[in-house]
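Participant: So the sequences go chain by chain: C and G.
Following the working numbering, the numbering of the first sequence begins with 1 at its first residue and continues without gaps.
Following the working numbering, the numbering of the second sequence begins with 1 at its first residue and continues without gaps.
The set of hints was computed from the structure by calculation and includes no laboratory data.
Please read all numbers here as calculations on a predicted model, not as lab measurements.
Each residue gets a CB set at the ideal place from its N, CA and C atoms; glycine is no exception.
Possibly wrong hints are sitting among the right ones.
What the hints assert, rightly or not - Computed list of chain G residues with no C-beta within reach of chain C, every gap over 12 Å: (1) Ala-7; (2) Ala-46; (3) Pro-74; (4) Glu-91; (5) Thr-120; (6) Arg-129; (7) His-404.
To be verified - If you anchor each label on the Cβ, the simulated ranges turn out as follows: (8) G:Asp-247 <-> C:Pro-350: 32 to 38 Å; (9) C:Gln-253 <-> G:Gly-317: 39 to 45 Å; (10) C:Arg-239 <-> G:Glu-298: 53 to 59 Å; (11) C:Gln-308 <-> G:Ala-316: 31 to 37 Å.
Claimed, not checked - Cross-link-like lysine-lysine pairs, in silico, DSSO-like; alpha carbons within 30 Å at most: (12) C:Lys-442 <-> C:Lys-86; (13) G:Lys-86 <-> C:Lys-35; (14) C:Lys-123 <-> G:Lys-442; (15) C:Lys-251 <-> C:Lys-10.
2 protein chains.
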Amino acid sequence: MMFEKKAIPKKSDGLSAWYNRVVLEAELADYGPVKGTMIFRPYGYAIWERIHTILDADIRAHGVENAYFPLFIPESFLQKEQQHVKGFSPELAVVTIGGGEELAERLIVRPTSETIMYHTYAKWIQSWRDLPLQINQWNNVVRWEKRAYLFLRTTEFLWQEGHTAHATHEEALACARWAMDMYTSFYRNVLALPGYVGTKSAAEKFAGADMTLTYETLMPEGKALQSCTSHDLGQNFSRPFAITFLDESGKTQYVWQTSWGLSTRSIGALLLAHGDDQGLRLPPRIAPVQVIILPIGEQAAVLTAAQQTAARLADAGIRAQVDVRDNERLGFKINKWELRGVPLRIEIGPREVNDGQATIVRRDTFAKETVGSEAVTARTEELLTAIQSNLHREAADFLETHTHTAITFDTFQHIMAGERGFILAPWCEDPACAEQIKAATKATVRCLPLGAAAVREPCVRCGSVARHRWYFAQAY
Amino acid sequence: MMFEKKAIPKKSDGLSAWYNRVVLEAELADYGPVKGTMIFRPYGYAIWERIHTILDADIRAHGVENAYFPLFIPESFLQKEQQHVKGFSPELAVVTIGGGEELAERLIVRPTSETIMYHTYAKWIQSWRDLPLQINQWNNVVRWEKRAYLFLRTTEFLWQEGHTAHATHEEALACARWAMDMYTSFYRNVLALPGYVGTKSAAEKFAGADMTLTYETLMPEGKALQSCTSHDLGQNFSRPFAITFLDESGKTQYVWQTSWGLSTRSIGALLLAHGDDQGLRLPPRIAPVQVIILPIGEQAAVLTAAQQTAARLADAGIRAQVDVRDNERLGFKINKWELRGVPLRIEIGPREVNDGQATIVRRDTFAKETVGSEAVTARTEELLTAIQSNLHREAADFLETHTHTAITFDTFQHIMAGERGFILAPWCEDPACAEQIKAATKATVRCLPLGAAAVREPCVRCGSVARHRWYFAQAY
């Protein structure tokens with residue numbers, strides 16, 4: 001029957017089958033014709049536009065300016081920083097022909113823009129008065145993938161990348177921390193996604209960084225997702241790219257740098273974390289449509305009431321839409337908008353018009369209530385706030401109940417073989433030891449929590465001295 | 001001396017020397033390390049962000065949705081439409097290596113997205129209920145250039161590209177016209193750039209279009225600039241890509257399509273057209289900074305007054321900035337902001353604070369006036385409106401005085417050897433004849449003005465029957 005729901009698999013029956021199906025059915029995205037690529041459909045792209053709007057304001061407020069650097073990077077640039085080229089080489093897309101001719105120097109389609117930006121920073125920066133130089137870009141980058149995992153892992157993705165240069169290491173470090181604070185607040189308050197902030201281990205930090213800060217969230221199957229990063233680049237790039245400045249005493253010095261980025265991967269985290277068996281559940285602050293209004297029947301008065309309600313909500317700054325399609329039955333529409341995760345649904349039929357009322361249904365709890373027409377806007381605002389909090393609370397509960405401590409490797413293995421999640425465990429910081437942990441449990445070192453207490457305990461795996469407890473988890 | 005102006009060449013002494021220097025000195029852009037590429041510096045990128053904001057609202061208001069399609073197009077896609085591949089082949093950038101391996105099929109870095117989008121449209125469109133499908137993208141595209149002419153001609157540029165599919169040819173045509181109307185209004189009312197709207201000749205239309213609408217502006221050396229285009233694609237793509245729909249009577253039909261785009265080239269037109277010997281003159285509606293406030297001296301009261309003025313202007317929705325740099329003298333600052341084309345300058349010194357006044361200077365006329373502090377906001381609004389009109393009027397006068405009619409080829413040649421500009425002339429529409437006109441005068445067919453009267457006159461060059469008068473000009 002027309003109004004029947006397209007069957008989507010249960011979320012609990014297998015996360016990726018549920019996820020792929022929901023993303024396609026909700027028309028958030030589609031696969032691109034080249035393996036590993038994706039298409040951001042209007043509904044999915046609208047989420048990215050919301051992210052752009054919110055983060056861009058935060059970035060500007062900090063005095064960072066937007067700019068745009070070229071897509072193509074001469075291959076020789078990448079080779080100037082050894083760790084950097086080593087980290088990125090396996091995933092590069094290379095242009096070898098341009099304007100009908102074989103190119104003398106191959107061009108790399110940017111996987112990130114450190115090298116091409118810093119080549120130019122060297123020209124722009126002369127004296128301490130030119131510092132800090134703080135530039136952000138919203139653009140597309142390419143890191144080769146054989147298979148696309150929509151939003152989460154794709155050959156091309158969209159992101160912002162901030163790149164700053166400072167006179168002192170302290171200033172650079174403060175900037176890297178500011179960026180991570182901004183991201184943390186964005187994840188918690190807008191995406192309703194709590195997570196852990198910490199520093200990456202030496203083996204897992206960004207290729208070219210002295211220190212990488214990460215925000216790690218937890219997905220429903222108990223796997224961690226690296227959700228954004230901020231890097232203290234030290235002078236690793238300023239030395240090979242000769243980015244120097246005359247300090248106030250007239251001495252030539254190398255600048256200290258940071259870079260930090262948040263990508264369309266964040267949309268994947270958002271969808272995976274909050275969805276349920278009916279489909280998506282979008283937190284109101286990020287939802288492109290916060291309220292869907294469904295007129296019931298085809299009476300003119302009903303349609304008018306629906307449009308008036310939408311107009312009043314819009315006046316209050318609420319993103320509301322009326323579904324006026326006349327070839328879908330109510331049940332079909334309800335399922336469609338539940339699938340798409342719109343936080344609130346308002347139903348207005350002849351009875352509601354008659355009684356001067358509207359029925360409001362929450363997407364997160366399916367709680368239904370009837371409200372007088374004049375109270376709809378105020379009640380909608382309350383409910384949107386309540387849904388935002390509720391989704392955050394649910395995610396925070398999940399994170400808390402799935403965060404464990406393990407002192408022995410038996411416990412560690414037991415948890416990873418069962419419900420998984422994060423394990424805080426003493427670790428010796430030897431990469432070989434981490435490799436053994438991974439081989440036995442698939443778990444990797446996620447981060448050292450910021451401000452972690454110093455300890456002196458046996459490493460959970462090898463028994464050597466561990467000076468901190470680190471977060472471990474299986475990861476995407 | 002520190003406050004001396006960096007000498008820029010006179011605009012009248014040579015347009016491109018003036019242009020390149022001004023664009024670099026005003027910090028709008030820089031050359032990229034790969035030949036043909038450019039960097040959009042924050043001040044130049046801010047102009048693009050203004051364009052984005054304004055056009056995006058117009059595009060959405062028409063019911064077009066934003067999305068994002070992949071950068072990489074399989075080579076075979078381009079070959080499905082013969083005119084299309086022929087038109088774009090010479091300027092393609094080709095990825096032959098991905099993820100460390102030689103690719104089985106070479107990938108084209110998008111020069112435009114018709115083929116990759118329409119491949120997917122075929123999947124999304126099933127019935128007349130799915131139409132019109134109207135999608136827009138803001139992205140980067142690549143068309144190989146050996147040398148960059150900043151903003152005007154670069155290997156990579158930024159643009160928006162709208163792509164629609166309709167049930168009927170009439171609807172598609174109406175959409176192509178709507179897009180050109182939107183662009184025309186944008187050019188005239190925001191960029192203050194009058195121009196001619198018309199259809200391209202068969203030889204000059206978009207590779208794959210049945211009909212191309214163009215907006216042609218006139219630059220100071222009397223050369224035309226194709227400033228944006230909108231295409232009626234007919235069924236040229238829907239047939240090879242098999243984009244069909246079931247119409248209301250259940251019959252399978254091919255869709256009718258349009259595409260239309262406006263790029264960062266528009267910034268080049270803006271800068272070239274309005275600048276003068278002191279540098280840029282930005283129309284207030286597009287200027288990232290509309291008012292620059294210069295505090296004179298270092299008294300605290302002066303700085304406070306400057307900040308208060310900026311706050312009051314900001315409250316009125318005016319983009320105002322205070323230049324607080326303490327290492328530049330007033331004369332240097334004045335030259336700097338004149339060079340950058342900020343429409344109004346407000347000077348506030350001890351005398352102004354004492355008298356409760358401010359001095360306002362127009363960038364377009366250098367007219368200076370003193371206004372009481374309470375009147376600054378209102379007067380600023382008036383002056384911004386006046387500057388917007390004045391720049392448009394100057395450009396309209398220039399266009400009018402540089403538009404000629406020629407019935408004989410002698411007159412035609414005389415004009416093109418002298419002051420140039422547009423020539424409206426009867427033309428037989430034979431491409432070979434246009435080639436001869438070009439060989440003799442460097443002028444090309446720009447467009448057939450919309451609504452041009454039918455004539456029956458001898459072609460300006462060959463004497464064969466001409467049925468319309470077309471615009472000719474030398475062009476970039």
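Participant: Hint by hint, say whether it matches the structure.
Facilitator: Hint check results:
1. Ala-7: Its Cβ never comes within 12 Å of chain C, the nearest being 20 Å, so this holds.
2. Ala-46: Given a closest Cβ separation of 7 Å, the condition is violated.
3. Pro-74: It is violated; G:Pro-74 is separated from chain C by about 6 Å at its closest Cβ, not greater than 12 Å.
4. Glu-91: Violated, since 6 Å does not exceed 12 Å.
5. Thr-120: 6 Å, violated
6. Arg-129: The claim breaks: G:Arg-129 does not keep its Cβ more than 12 Å from every Cβ of chain C (closest is about 6 Å).
7. His-404: Given a closest Cβ separation of 36 Å, the condition holds.
8. G:Asp-247 <-> C:Pro-350: 32 to 38 Å: 34 Å, holds
9. C:Gln-253 <-> G:Gly-317: 39 to 45 Å: Distance hint for C:Gln-253, G:Gly-317 holds at roughly 42 Å.
10. C:Arg-239 <-> G:Glu-298: 53 to 59 Å: 38 Å, violated
11. C:Gln-308 <-> G:Ala-316: 31 to 37 Å: Once the Cβ atoms are compared, 32 Å apart, the range 31 to 37 Å for G:Ala-316 and C:Gln-308 holds.
12. C:Lys-442 <-> C:Lys-86: Within the cut-off at roughly 24 Å; holds.
13. G:Lys-86 <-> C:Lys-35: The hint holds at about 26 Å.
14. C:Lys-123 <-> G:Lys-442: 39 Å, violated
15. C:Lys-251 <-> C:Lys-10: Roughly 65 Å between the alpha carbons, so the hint for C:Lys-251 and C:Lys-10 is violated.
The earlier numbered hints that this structure contradicts are 2, 3, 4, 5, 6, 10, 14 and 15.
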